[in-house]
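Number of protein chains: 2
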Amino acid sequence: MEHEVLAKLRTAMKAQGFDALVALSQDNVTYTAGFLVPSHATNRFRRTITILAGDRFAAEIVVNVEETLARQQSRFKDIRAYNQFTQDPADVLADALIEAGVAAGRIAIELDYMPAKDYIRLVERLPKATLAECKDLYFDARIIKTDEEVKLLRTVGALTERVMRSVVTSIRPGEREKDVAKRIMDQMLDGGADGVRYQVGSGVRSGITNCKPTDKVIEAGDVVRVEILGEMQNYRSNVTRTAVIGRATDEQKRIWDVLVGARNACQAILKPGLPVPRLWQTYVEACHKGGVEPTLKFLGHGIGQTIHEEPYITETRAMAFQPNITHTMEPLYMIPGRMGFHIEDMYVITPTGHARITGDLFPNDRLIEIA
Amino acid sequence: MEHEVLAKLRTAMKAQGFDALVALSQDNVTYTAGFLVPSHATNRFRRTITILAGDRFAAEIVVNVEETLARQQSRFKDIRAYNQFTQDPADVLADALIEAGVAAGRIAIELDYMPAKDYIRLVERLPKATLAECKDLYFDARIIKTDEEVKLLRTVGALTERVMRSVVTSIRPGEREKDVAKRIMDQMLDGGADGVRYQVGSGVRSGITNCKPTDKVIEAGDVVRVEILGEMQNYRSNVTRTAVIGRATDEQKRIWDVLVGARNACQAILKPGLPVPRLWQTYVEACHKGGVEPTLKFLGHGIGQTIHEEPYITETRAMAFQPNITHTMEPLYMIPGRMGFHIEDMYVITPTGHARITGDLFPNDRLIEIA
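The listed protein sequences derive, respectively, from chains A and B.
Heads up, the first sequence is in the working numbering, so the first residue is 1 and it goes up one at a time.
Heads up, the second sequence is in the working numbering, so the first residue is 1 and it goes up one at a time.
Take these hints with a grain of salt, some might be off.
As the list claims (entries may be wrong) - Derived CB-CB ranges, DEER-like:
no.	chain 1	residue 1	chain 2	residue 2	range
1	A	Q87	B	R338	26 to 36 Å
2	B	N324	A	V204	30 to 40 Å
3	B	Q16	A	V204	42 to 52 Å
What the hints assert, rightly or not - Calculated pairs, DSSO-like style, for lysine-lysine (alpha carbon to alpha carbon, straight line, at most 27 Å):
no.	chain 1	residue 1	chain 2	residue 2
4	B	K14	A	K117
5	A	K128	B	K128
6	A	K135	B	K117
7	B	K8	B	K151
8	A	K77	B	K8
Since the hints were derived computationally from the structure, they do not count as laboratory data.
Note that CB positions come from ideal geometry on N, CA and C, so glycine has one too.
Same shape as in the complex, but just chain A (with noise of 0.2 Å):
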């Protein structure tokens, strides 16, 4: 029996007419092995590849540095290493096609990340073949989670925001950022995360949007904003935390309560059958009507196997919410050289509505304030 995730996406392919489909990226790699090839994000002039053609053709190509772990731990049995420095990777990919018998036919490809020079150089190798994109194919099937992957999202998430809690309220005026940053890896990693990455930013630091932790001591007074992403059995979480050190201004108070009261309009109303610019719309005008206006062109974002997937919540994706749907909502609001506020939580839809995975141990309803 093929795997249920190898039977799904074949499934798919032979729908949309396709003799074959092809990841290359990252994330729809990972999806479809089921494993990620450790230096497949770092190490650019590497490629990892999935093909799965016809009714039963299945292999994955790998850089041989990466073959033994390849051969434990993925999905494929039909492991092709490739060397780096002698080998054109297009040019294993364009034999492997050949032998799976579709040189002329239909190949899904995700053509918006291929680099264009295998692209030319597949097209020279197989010149009947039709090339198209096979985004949209991976986003529908990545889209609804399985029940297993939502439970462990549901865990990553839980640990994630059960550090949150912890390192938030402990941070005191007088340590730095990477200080904080430090308690977060460690408490992510005891607590049984295989990676995290974090941002922290306090002050006017607290207005920038990606901020990475630095020496700067943290003041009474400051605006502190917490990120952290976790990572485990390569299912990722994303949560984060703004507070006062001290007391908060009445304007600080003002426009976190625009955020939550945007927040609360949107979960509101979040549950399947509920256009997904339809939150968008509910968010942006919650957030003008307290006459802030929102930093990112997005209200949250698909989360599974990546921090950053389909759907986006924003005004133009085409879509309904349904059920295993899992995603974040992160209303924030920067200004900059003064000071930052971001709320981010993590959702599933259900059934009937929506669950939180995050924001009932650690609530942010009011404006965090550090004594």
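Please build the complex by placing chain B on the supplied structure of chain A, with the hints as guidance.
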């Protein structure tokens, strides 16, 4: 006055008969702009693009979320932000090239990174342009470091070796691989690193090439492989040590002596003028003489703003060492299912020979034994 790096790239562009030079990869964009867009590596749907054209045109395209930071930190004054959900960055690129007057020109562009989709769109928009690879142009520009770059690499290298010594000599049986990772993280950040990655593998896990730390408990008799990859002001370090908990066996010592002997044979000849493939051959011959088959098909790699850059030390890299090339040597031998051995230090080529950036503070000429 244009920044030294931009002037150098523009000169190389013109010398090779190109009208424009376009970079899209994280490493080449960061090198060009002197600034890493934070989500460039973590979100594959976002593009960051630098453009040099003619005598004066210089612009950087970023996703709008990163606009504020880019305006603060990039070398480019002309920052063009696009909306990820409503605009195609390939169109923004085409518009810029048209504006620069090179729509029918010879454009050097990263075809080994640019997604096929963007390439197809650019060809549609600029049918009279000639698009050519610029991998070697960037390769040549980046491979010889400025003295300032060498200094930054020495700083991050020295910190990394200091932390390695502290962390490895304090390993005790009974602690987990993750505990070792936490000490690495803490001490690197305390020491001034902006970021750090690591590998920790003990027992049979020392024989896995890219090995994430787990909850596995380190036991007496384990071989432990620790690799640290640091980051400071966008420059990188890469140092690896292998240690035995307790007394090394004769077999372990024998393997180690072969690897160190091979490394020493390489050090003995490493200087300007030495062909890169000759260093690789020297390594392989010394290993074979000792009955060891190198696991990796390269002895080391250039290091700078990225961990892995040119020159890869392989038999296929047809160039000679020159002053201010910075690189690693990393003899590595894995016996899957049993154990692995790995030595990695950083080097800089000097006018008359070479200097070790790391390797003197915490030497590994003898296999390290942790009592």
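| query | Which earlier hints can't be squared with this structure? | reply | 8
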